[in-house]
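For the sequence shown, our numbering assigns the number 1 to the initial residue and increments by one for each residue that follows.
Simulated from the structure, these hints should not be mistaken for laboratory data.
By construction, the Cβ of each residue, glycine as well, lies at the ideal position given by its N, Cα and C atoms.
Be aware that a few hints might be false.
In silico PhoX-like cross-links for lysine-lysine, where the CA-CA straight-line distance does not exceed 25 Å [unchecked claim]:
{"hint": "1", "residue 1": "K39", "residue 2": "K104"}
{"hint": "2", "residue 1": "K104", "residue 2": "K41"}
{"hint": "3", "residue 1": "K90", "residue 2": "K41"}
{"hint": "4", "residue 1": "K74", "residue 2": "K104"}
{"hint": "5", "residue 1": "K90", "residue 2": "K104"}
{"hint": "6", "residue 1": "K90", "residue 2": "K35"}
Now the in silico label distances, taken between C-beta atoms and shown as ranges [said to hold, decoys possible]:
{"hint": "7", "residue 1": "K39", "residue 2": "K104", "range": "18 to 26 Å"}
{"hint": "8", "residue 1": "L92", "residue 2": "G20", "range": "18 to 26 Å"}
{"hint": "9", "residue 1": "P70", "residue 2": "S116", "range": "21 to 29 Å"}
{"hint": "10", "residue 1": "P71", "residue 2": "P38", "range": "35 to 43 Å"}
{"hint": "11", "residue 1": "M96", "residue 2": "M58", "range": "18 to 26 Å"}
{"hint": "12", "residue 1": "P45", "residue 2": "M66", "range": "28 to 36 Å"}
{"hint": "13", "residue 1": "L43", "residue 2": "M112", "range": "24 to 32 Å"}
{"hint": "14", "residue 1": "K39", "residue 2": "T77", "range": "19 to 27 Å"}
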Amino acid sequence: MCCKFLYIKGKFMAFGLSAGGLMMCVLGAAPMPNKTLPKSKVLGPSGFFGNIMDKLPMVNIGSFVMCTLPPFPKPCTAPIASPWIPPKVKILISNMPAEDNSGKAMCSLGGMVSISVPTQFKVLFS
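With the hints as extra help, turn the sequences into a complete structure.
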């Protein structure tokens, strides 16, 4: 499947993000897979689903190899400062909004992390 969103019955639908979905930072050198831990206890077709609090560096979000921030290129540690920007979903996982492929996260160095491939194309969030 090539699209990130589906338009069904007048609404845009996003795919639920489960373990293995590829993420990319605008300042990073390479995409990295999402690492959703089984603490959510919500299993999808390709792994556990996550919520907006799954933002821990090197636990949920791996290194994007090198940070290409102009003054100091250095190894990326993916220091995400705040939770994922909440998508417009009404689904809660562990009492927090579920993470879908439209979510974005801000790196404390100024980069924007987004989902490039959600891994599963069966479960839609509205």
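Which of the listed hints are not met by the structure?
-> none
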